[in-house]
Amino acid sequence: MHGVSSYVEPPEEDSTKFISLAKDALNRWKQQDFSSEAFSVVNRVLELNPDEYTLWNYHKRFVVDKIERVRQEDPSSFQEVIEQLFESEFNLTQRALYRHPKAYSAWQHRIFLLKVAKSSLPPTIYDNFFKRELEICAKLLDLDDRNFHGWAHRMRVGEIKGIQITREELDFVTDRIYANFSNYSAWHHRSRILPVLFGDQPEEYNRVIQEDLELVKQAIFTEPEDQSAWFYFGWLLRGAPSSHAPVSILDVDNEMLKKELSTLEELLVLEPKCKYALLMKFHLLYQFGELGNAEALLTQLQILDPLRNGYYQHLKEKMRQKS
Amino acid sequence: MSETEWKLSSRDLESLYLQNEDTYPTETYLLQRQVERSILKIEHDKLRGEDRLNRDEHREYLHQSLQQLPTSYQALDASQPWLCYWIVHALDLLGDKPTEEEAKGIVEHLSSCQSPHGGFGGGYGQVAHLATTYAAVCALCIVGTPEALQVIQLDKLYNWILSLKNEDGSFRVTEQGESDVRGLYCALAVAYICGLLTHELVENCSTYISSLQSFDGGLGGEPFNEGHGGYSYCGFAALCILNEYWQATENQSVPHSLDIKRLQFWVINRQLELEGGFQGRVNKLVDSCYSFWQGGLIALIDYWIRKHSQSDQVSFKFSGEDLERYLLRYCQCRGGGFRDKPGKPRDLYHTCYALSGLSVAHQNLKESRSSLLPKINYLVNIRVERWEFAAAYFGNKNSLTS
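Here the protein sequences line up with chains A and B, keeping their order. By full-length UniProt numbering, the letter at position 303 of the first sequence is numbered 303, and the numbering carries on one by one without gaps. By full-length UniProt numbering, the letter at position 158 of the second sequence is numbered 158, and the numbering carries on one by one without gaps.
Keep in mind the hints are simulated off the structure, nothing from the lab. Don't take every hint at face value.
[Said to hold, decoys possible] Straight-line alpha carbon distances no greater than 20 Å define the calculated DMTMM-like cross-link-like pairs of lysine to aspartate or glutamate that follow:
no., chain 1, residue 1, chain 2, residue 2
1, A, K161, B, E222
2, A, K139, B, E27
3, A, K115, A, E87
4, B, K261, A, E87
5, A, K102, B, E222
6, A, K273, B, E273
7, A, K115, B, E167
[Stated by the list, open to error] Output of the computed footprint for chain A on chain B, the stretches with three or more beta carbons under 8 Å from beta carbons of chain A:
no., region
8, 218-225
9, 270-284
For every residue, glycine included, the Cβ atom is placed at its ideal position computed from N, Cα and C.
Bound conformation, chain B alone (with noise of 0.2 Å):
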């Protein structure tokens, strides 16, 4: 097996388009093949440049929407710790940060989302919200001082999510809400980024994780439903926080049944060959957020192994190259900001994501380079030094060493 097969840079992507142009037909294929070639158009276009950061431009705009956010995020209303949040880890991963008086904007912001119950919900005058929590408990640790710390009310928050918790190990995302994997994944992240992790609050969390998982391998966000990398990303992320919990309190890994082996095979089968990037689900598009969803989830499950030593397990990193290029080639806008895919517009929540996957790519290069992207912590998507801060904090013991 030669090296040089490895490389799918050099790869020629139209022999791969021209090799699956001959397909029966259904709708699925057809929005398939529009996309392929979106990307070979910009491949054949002569006055593209070279793949590299526009680190400018996206600071640019970055900071541009700390200031005014345009009408399309009336959508996001309900979702405003969410923005913050999209921003300031996307200005992290830049080695940038807000200013003096933008920080402090988005301290008070977030506090106004706080609920006098507990949590932070979408806006002023909204219910508390465990997703909404999770972003603000990120942002105020991104924005990394004690002042931004001492906004979260830690005795209401933990009773608060605990009120939240379903006998099978679920949580409802708000009070009367849903219950899906993400309402279990941001509870424990925030409970871990906050030092809240008890025995209460993870009582048959891993057996509700095992039971999310698809004949595929996959999981989905509630039992009986397809596997999906967001997911996949919030039950094995949310496993392996379960994880360092026992292995601090019970000096053991997490008992659970979920079939790592059969979950890595499914991810690892949605990086697109001639994309280069990640689809969410078998059969549908790539998107540029799934570089982090899906990327992450390889990683995680990559130290899983390595921590575990089974080895019967197999340790496989994806194609960092071919990630960087369907991110860096296709997805970048001019002005600023990542879109999901050839054809869409840009948005704070692709740039958050994108910018997340690139770190990811970043750790899984085939050779190693300089002027990367800073590391993350995998399990909260914070870089490692805003973690390592919190934890500090909040007298954190549990730490994910990488």
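Only chain A is shown next, with the shape it has when bound in the complex (with noise of 0.2 Å):
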């Protein structure tokens, strides 16, 4: 994958090998044979391959299964036992999504995990395992920022501990977007978590988004060509609504429009071929009613980025019909 590191690498098989291994280990799901000799082909083959998803389920069954055997069958170890349970799941989750960063069932193993531990285990006990969670994801993310599965299991992780988004996950974003300002994923988390954290305080909202705007004209000012800044700015320009309300509680009024149309033609001095300050000066313009001034800048576009050339093309109809 682009740039993405691996962990250790267990030495591999040859395929004959290979195939060999994983039709035992699918005979042993068939007959649910737990025992520790089937583990070990089973998880040699989860090592191997962590996309057999089978076998994903066959370890689904025993941690099931043995939780209830404990129970009835050792109620005074059970805590002791099935942490340990747990840890040896998620450390073969752990090697798993080292090796391969983006292995939906390995991911989702530890979703069933975390909810199983919640549901069988002390809070003082799966707290632990809920703080691991984000330092799994936190160090996966240094391998790889634009890992998805690593952004979206943190969100993931909060839902089910039944926790809202905390002053925390935005330091954690706001770290991450320091270290790279074209990390797209992380303007993206932020884009989530900012209605969440601040949905019901408007006024905080207005402060912590003319926070932002700062911010992101420090990444427009730093690197005009980068999609993540300017997309991002586009959305605060919008209100920040959060994509589930269709309509944002913030006023976006025309006094914080005009300061950031200033902003637009400071940096269109220094970069007077910046295709998105043009096209968000053109969409300020059409919002002022400058229709004049607005289609010339179109005329620009379909020049500087003929790939939207149709794009542009139609904004101009569109205005031309409205005057």
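Two chains, each in its own frame: build the complex with the hints.
The following block contains the structure:
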């Protein structure tokens, strides 16, 4: 994968060996064979190929059965035994994910484990699991900061635990953005958590948006060709609406927009060919009703960005219909 | 605005690179510049021949692959139906097909992947999975004989798909598996092909799809995920399938709250100028497979707009010429097959989706031309003829006409 380093590589098997191992493992699943011998076969296959989803179901069945069994047969050592069980399951998926950071079934298995842990272990124990989950995500995002599984997992962990987004999460995202302004996944994550964090506090939200405007402008002036900052900037100018609420609670007034228009003009002096600045300026001029100037921008854009020629042409026609 | 500006193939790619060279060196940019340099290297290669589709080499690679798959494919042990689909669909786009013996082997193999409880898994003895079911059903449609389609046990298939449905409208990809839009798309696509769409099956699907849109307009795999080409295709293609169903049963459009205009703006900005191909997400690298996911998505949006005749929406096609340049000039491998991008090895997945993308590109050229790749049904990514055969076989009244 692009630029992603891997963890420790277990030795490969040749394909004949792998095929016979996989066959063996699937047989053990069919027979519900949970002997230690079976485990070593199944886990070897998962190590080599974490996408072998049937075998993750094998583990799920084992976990559920063991919890039931220990609860009935040996309740006094339940906590100890089951905590150990979860540790070994988490370790298995962790090894899988460090090697294959995008293996759907490995991520899914962790979700399963978190849910089951929550319903069978006391908070003192499962809280640690949840805390560690965020650490694992952070580590995997260090390896690849665009791994959407890692970002999504952070949200899901919160959901399962039943907690709202925290300030810590916002700090985490801010750090990632400062580490790499082009990390679009971080900007996106930010766009998700801000409405949740401040959704019911309009004044606070307005303040945060103003701060974000300054943050995103830093990014834009550092690198005017970077789409990430521009898309985020555009979202802010729309009033930072949550995807699930069609109308923003913010007041995006003409004063604010006029201020941003002058920011764009400042940038265009330095970077006259910046496509996104021109397009953003177009949208603002259009909103202010300055159609003549707006159309000139579209003509410029058609030359600068020929791949989107049809889109700009359409905007022109739409404008002409209005005037 | 002069017409000559439109033809990017005559545009100075070098100047595009130099314009961007002096950028703040985040890791993202270093990777992007690396790809651009690899493209320019090919451009400057005096031994580079004309852009042409190396049909014979690709056919040979595909037929060979049917016989024997290299070790690296052990990673796809849980995806065997995909291998069948990638190969037969690629052959089909090249106007070729498996030999009678190969076809027999494919049908037998896929049959062995079918679960006694319905649906197809990654291989013999594996639990059924929606993605592999989609691949298996499509591959059987492409083989295109009644014997092939008879393999599919329809009743069990329907019940199994229904058993995976969640309350929020999404589908788990397998029992106890993850839920994301791939599951929903594969469930609906298979039901669409096999004539199994019902009210029960489609309930809440449109709501789920609408919940996938992020602030930039793209669709993520799950609610709260960032816009991504593969998932955007899945979500929108699924919406189009739902629309077909609603038109046929309720004589109206499927209700939804997707901002299609914003989705369109997002996707048309995924085509990269210098490379000509598509990226999967904002600030990621070009990849030949997105030729289909993103290119096909643009085509579907275009179709939707024409069908709904909303004058407010843009009807816009992308640059087929530039996409073709990316695929033919930079992604074809010696000995056949396509790769993700220069520097990567070929593989069957990219071969399938590069060719699918090339077919889309051929439907989006400024000037008409002969010897184009055959047309695809964009909803399910099989040739129109295979779709029609399957529709007739399964007694489908919903068929998408382009």
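Evaluation of the provided hints:
1. Straight-line distance between C-alpha atoms of K161(A) and E222(B) comes to about 18 Å, which keeps the hinted pair within the 20 Å bound.
2. With a C-alpha separation of about 17 Å, the suggested pairing of K139(A) with E27(B) holds against the 20 Å cut-off.
3. Between K115(A) and E87(A) the CA atoms are separated by roughly 14 Å; this keeps the pair inside 20 Å, and the hint holds.
4. This hinted pair does not check out: K261(B) and E87(A) have alpha carbons roughly 47 Å apart, beyond 20 Å.
5. At most 20 Å may separate the alpha-carbon atoms for a hinted pair to count; K102(A) and E222(B) meet this at roughly 15 Å.
6. Note on K273(A) and E273(B): the hinted pairing holds, with a Cα-Cα distance of about 15 Å set against a maximum of 20 Å.
7. As the CA atoms of K115(A) and E167(B) are separated by approximately 18 Å, the hinted pair is consistent with the 20 Å bound.
8. Coverage of the region 218-225 of chain B by chain A holds [criterion: at least 3 residues with CB-CB distance below 8 Å; count 5].
9. Using a Cβ-Cβ cut-off of 8 Å, 6 residues of the region 270-284 of chain B lie near chain A, which meets the minimum of three, so the contact claim holds.
The structure does not agree with numbered hint 4 stated previously, though it agrees with all others.
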